[in-house]
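Chain by chain, the residues:
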Amino acid sequence: DVKVTQSSRYLVKRTGEKVFLECVQDMDHENMFWYRQDPGLGLRLIYFSYDVKMKEKGDIPEGYSVSREKKERFSLILESASTNQTSMYLCASSLSTGSLRSYTFGSGTRLTVV
Amino acid sequence: QQQVKQSPQSLIVQKGGISIINCAYENTAFDYFPWYQQFPGKGPALLIAIRPDVSEKKEGRFTISFNKSAKQFSLHIMDSQPGDSATYFCAAGLRVNYGGATNKLIFGTGTLLAVQP
Numbered sequence: 016d017v018k019v020t021q022s023s024r025y026l027v028k029r030t031g032e033k034v035f036l037e038c039v040q041d042m043d044h045e046n047m048f049w050y051r052q053d054p055g056l057g058l059r060l061i062y063f064s065y066d067v068k069m070k071e072k073g074d075i076p077e078g079y080s081v082s083r084e085k086k087e088r089f090s091l092i093l094e095s096a097s098t099n100q101t102s103m104y105l106c107a108s109s110l111s112t113g114s115l116r117s118y119t120f121g122s123g124t125r126l127t128v129v
Numbered sequence: 100q101q102q103v104k105q106s107p108q109s110l111i112v113q114k115g116g117i118s119i120i121n122c123a124y125e126n127t128a129f130d131y132f133p134w135y136q137q138f139p140g141k142g143p144a145l146l147i148a149i150r151p152d153v154s155e156k157k158e159g160r161f162t163i164s165f166n167k168s169a170k171q172f173s174l175h176i177m178d179s180q181p182g183d184s185a186t187y188f189c190a191a192g193l194r195v196n197y198g199g200a201t202n203k204l205i206f207g208t209g210t211l212l213a214v215q216p
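The listed protein sequences derive, respectively, from chains A and B. Using my numbering, you'd call the opening residue of the first sequence number 16 and step up by one each time. Using my numbering, you'd call the opening residue of the second sequence number 100 and step up by one each time.
By construction, these hints were calculated from the structure, which means they are not laboratory data. Possibly wrong hints are sitting among the right ones.
Straight-line alpha carbon distances no greater than 16 Å define the calculated EDC-like cross-link-like pairs of lysine to aspartate or glutamate that follow [unchecked claim]: (1) K203/B / D74/A; (2) K167/B / E125/B; (3) K104/B / E125/B; (4) K70/A / D53/A; (5) K203/B / E71/A; (6) K68/A / E87/A; (7) K141/B / D53/A; (8) K85/A / D66/A; (9) K85/A / D43/A.
From the derived model, a few chain A residues whose C-beta atoms are all more than 12 Å from chain B [to be verified]: (10) T30; (11) E37; (12) R125.
Here are the computed distance ranges between Cβ atoms for each label pair [said to hold, decoys possible]: (13) A128/B / S122/A: 12 to 20 Å; (14) R29/A / P151/B: 44 to 52 Å; (15) V67/A / Q108/B: 14 to 22 Å; (16) K167/B / R59/A: 42 to 50 Å; (17) T127/A / V195/B: 29 to 37 Å; (18) S114/A / G140/B: 22 to 30 Å; (19) P107/B / I92/A: 34 to 42 Å; (20) K86/A / V195/B: 14 to 22 Å; (21) S114/A / N126/B: 20 to 28 Å; (22) T127/B / R59/A: 18 to 26 Å; (23) T30/A / P139/B: 23 to 31 Å; (24) K170/B / M42/A: 29 to 37 Å; (25) T127/B / L56/A: 19 to 27 Å; (26) Q171/B / L56/A: 40 to 48 Å.
Note that the structure is predicted; figures quoted are calculated from it, not measured. All residues carry an ideal CB built from backbone N, CA and C; glycine is no exception.
Whole structure, please, built from the sequences with the hints as guidance.
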């Protein structure tokens, strides 16, 4: 069964800490995405990557950065965590053919910043 | 122009009833409209999708109705079952090209559906 795996299901961090959220996909997908999900706001795109070492800003990139050193791994970095970054973070991947059906989400990491 | 407006925020339906969730968009450049289903503790999963050259698409108990002139689309769940209880997201997609193609999805705010037995 093909998967997008997020390393942590729950995470609690302190304000000001540097936080790494990891995502790995085993489908050989070219594209990878990071979203945050908040009640009443839906899913909002933070960053995406269309190739190794390539990245593009999404709709809400402020306070975040990303790293993609290998095709299967896409990391979201919170340089200095703040309480307003408490959220559910979802990783996704898709083929570069643009196939909608290939778009696959992970189960999410619920991050709490205290 | 990039927003997708979704309503209602929550919905309670009796088993066997019809669940209807509505979405509206502004950007006429969107070229496909998927619906995602999300169960607690899981990521969203593609349920059904439609392209703007079609007015209706049906897969089992799930139907998308699409009104291009009104820039609206809706999800109908016929014979709703307790197992359909989940959060549903509409989305609108743009295909953008970098090295290859990728799909930029703009999501609605979600509808929490509860189907009562």
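For each hint, the structure was consulted:
no., hint, verdict
1, K203/B / D74/A, "holds, 10 Å"
2, K167/B / E125/B, "holds, 11 Å"
3, K104/B / E125/B, "holds, 9 Å"
4, K70/A / D53/A, "violated, 23 Å"
5, K203/B / E71/A, "holds, 11 Å"
6, K68/A / E87/A, "holds, 12 Å"
7, K141/B / D53/A, "holds, 14 Å"
8, K85/A / D66/A, "holds, 9 Å"
9, K85/A / D43/A, "holds, 11 Å"
10, T30, "holds, 27 Å"
11, E37, "holds, 15 Å"
12, R125, "violated, 9 Å"
13, A128/B / S122/A: 12 to 20 Å, "violated, 31 Å"
14, R29/A / P151/B: 44 to 52 Å, "holds, 47 Å"
15, V67/A / Q108/B: 14 to 22 Å, "violated, 40 Å"
16, K167/B / R59/A: 42 to 50 Å, "violated, 26 Å"
17, T127/A / V195/B: 29 to 37 Å, "holds, 33 Å"
18, S114/A / G140/B: 22 to 30 Å, "holds, 26 Å"
19, P107/B / I92/A: 34 to 42 Å, "holds, 36 Å"
20, K86/A / V195/B: 14 to 22 Å, "holds, 20 Å"
21, S114/A / N126/B: 20 to 28 Å, "holds, 21 Å"
22, T127/B / R59/A: 18 to 26 Å, "holds, 22 Å"
23, T30/A / P139/B: 23 to 31 Å, "holds, 28 Å"
24, K170/B / M42/A: 29 to 37 Å, "holds, 33 Å"
25, T127/B / L56/A: 19 to 27 Å, "holds, 24 Å"
26, Q171/B / L56/A: 40 to 48 Å, "violated, 21 Å"
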